[in-house]
Amino acid sequence: MAELVSNTPIVDVRDLRLTINTDEGAAKILDHIHFSLERGRILGIVGESGCGKSTIIRAIIGTLPAGVQVEAGTIRFDGEDLLALNEHELNTRIRGSRIGFIPQDPYLALNPVFQIGTQLLEIMRWHSPDDGQGRRDRERRHRDRLVALLRRVQLPDPEAALERYPHQFSGGQRQRLVIAGALATSPTLVIADEPTTALDVTTQQQIIDLLRDLVDEFGLSMLFVTHDLGVVAQLCDDLCVIYAGQTVESGLTADILARPRHPYTKALLACHPDRAATFSGIPGNVPSPLRAGSGCRFAPRCGDARDVCNERRPFMSVDRFGRAVDCILYDIPAGVAAT
Amino acid sequence: MTQPDVAPRLGSLLVRAARQEPGPPAREDTTHIAAGIGRPPRLLILRKFARDIPAVIGAAIVAFVIVLAIVGPWVAPHPGDVAASHLLQRLKPPSAAFPFGTDNLGRDIFSRVILGTRSALEVALAVVALAAAIGVPLGLVAGYATGWLSEVVMRVTDVFLSLPQLILALALAQLLTPSLETAMLALALTYWPFFTRLVFAETRRLRASLFVDALQGIGASSARIVFAHILPNAISPVIVRATIGLGFTILVAAVLGFLGVGAIPPQPDWGLTISESRNYLPDAWWYAAFPGLAILLAVLGFNLLGDGLRDLVDPRLRRSR
Chain Y
1 MAELVSNTPI VDVRDLRLTI NTDEGAAKIL DHIHFSLERG RILGIVGESG CGKSTIIRAI
61 IGTLPAGVQV EAGTIRFDGE DLLALNEHEL NTRIRGSRIG FIPQDPYLAL NPVFQIGTQL
121 LEIMRWHSPD DGQGRRDRER RHRDRLVALL RRVQLPDPEA ALERYPHQFS GGQRQRLVIA
181 GALATSPTLV IADEPTTALD VTTQQQIIDL LRDLVDEFGL SMLFVTHDLG VVAQLCDDLC
241 VIYAGQTVES GLTADILARP RHPYTKALLA CHPDRAATFS GIPGNVPSPL RAGSGCRFAP
301 RCGDARDVCN ERRPFMSVDR FGRAVDCILY DIPAGVAAT
Chain U
340 MTQPDVAPRL GSLLVRAARQ EPGPPAREDT THIAAGIGRP PRLLILRKFA RDIPAVIGAA
400 IVAFVIVLAI VGPWVAPHPG DVAASHLLQR LKPPSAAFPF GTDNLGRDIF SRVILGTRSA
460 LEVALAVVAL AAAIGVPLGL VAGYATGWLS EVVMRVTDVF LSLPQLILAL ALAQLLTPSL
520 ETAMLALALT YWPFFTRLVF AETRRLRASL FVDALQGIGA SSARIVFAHI LPNAISPVIV
580 RATIGLGFTI LVAAVLGFLG VGAIPPQPDW GLTISESRNY LPDAWWYAAF PGLAILLAVL
640 GFNLLGDGLR DLVDPRLRRS R
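For the record, the sequence lines run as chains Y and U.
First residue of the first sequence? That's 1 in the working numbering, and the numbers climb one at a time after it.
First residue of the second sequence? That's 340 in the working numbering, and the numbers climb one at a time after it.
If you're looking for bench data, these hints aren't it; they were derived computationally from the structure.
Don't take each hint at face value.
[Stated by the list, open to error] One side of the interface only, derived from the structure: several residues of chain U facing chain Y at Cβ under 10 angstroms: (1) Pro416; (2) Ala465; (3) Ala468; (4) Thr485; (5) Leu488; (6) Val492; (7) Gln555; (8) Ser561; (9) Arg563; (10) His568; (11) Ile569; (12) Pro571; (13) Ile574; (14) Pro576; (15) Ile578.
The beta-carbon is built from N, C-alpha and C at its ideal position, and this holds for glycine as well.
Use the sequences and the hints to build the structure in full.
This is the structure in structure tokens:
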């Protein structure tokens, strides 16, 4: 039984569909999102700007903006359906305590008017149950733990750092602070929203190495959202490629990068400056979620598109290694029909 | 040192001051974590403030007014002249014995101007504190909430803002029995919308900021985000507005006193004294001139100080000189 529980994925998102009502009608911002994150692994979610990456994170931690409706789907965290929980349960049991969050831009993610120690200890204070050992004692343990964490994330002079304000740190240092803050409450899952995008390349590398080490050391699972396939290649065990609010391909990172199947993944990889012989890009634009037709959303930009692509959605085909592709080319019924 | 860095620093300074906490010790021995941070921020702010001559003058006037309000009854040469009358020495021009002259009841105007400082300051502080106590929470709620709640609060605020403050205060003061308390209530009830609009705008800006997003993501409740995190960030412009508001309220309170809906005789109120002097003008010019100068000086002090604080908080808004 215990084995059964530990074998369930830490995060399991099935068939997630979100719409937002606009003046021009309902827009499908997420449409058939599937992915699951196994314990102790790092899953990269990759897609272009505006494809719904951040919306997925917001759906998981329950901070969707007003007006967004969950049409269908489930988000299971450790076996529990997060969409069924109310705000209070999320605040007390899930966010911050069991799910740590590393936001996008470390320059802006800390409250500018409070000392680092004040804000990070505050988070630890509200997520620690009263264990009856006295407040003073708990405060001291929190402080010790925070200093140890700051030392672990290689922040220089962690004792003094507690007394400083966010503007007194560089970008990389602030990202280390935010990472320490996310780990301070001993979460099992950490969600990182493009944590390296705002940093320069050398700092980026250091942060990636740090995250990799921390995941192994603390037994974490991590959901890593980015648009940078280079970062994914270095950091993530598994990969889920999103296009226009849909999962188009998922599987092991190394496998997908070596042998991409979906035409979008192929095109995306071809755009990467390290791989591309000539810079081509992908012709056309991401379609508006307002005008989602019945066919494949990538069809208008796809080099391999055929008539049937505009008529119906492909079926997600999953091979025995867990590699999933959402394309008509790998669609078994269509494939059978073609041969 | 880039200029926008100054705003959060002042914010933190003010927050710390409000909480009466000691600042971080000025460390000379430790290595500075970020390059380019030379001096402790508090000193930096003080140096910047010290270069702003009008603001320093304003601060000096305000300090003088506050000290006078506290020690007034002990330094006034004739503290009994609040209610006393010495008819033999009425309407004497300024002299060595009576530097500001005497009024129609022979009272020393110099003493009465000094004694009036405390009530003027009390009125101003009470009015601004009450207005902020009403306006700031409303602005926070309206700024953080969306939809009808925010709309209702802001439209009511707009209605109050659209009425001229003095007229509204007069009407309210007229409705209730005229007294200093009524005037204070009327002024507070007409001044809160300024705080609401200000805090609303700040909250709207901060609500979209990433640290609020991050706080939501780690399980902070709305109340905690609004009062523990957004409010300290929005407090600097509130302090600036409150400082200017103190001067403005002294002026309006004097007007109400002049019109007879504020202080009642024999209170040594500045506005009331000017009102009483009308029958003796222009011969007894000192009767109106010195209380008037007191009002001028107090209002000027608070305005200069408020302007200087605003320049510190928002370096982009330069005062026109």
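Could you tell me which of the hints above the structure violates, numbers in ascending order?
1, 2, 3, 5, 6, 14 and 15
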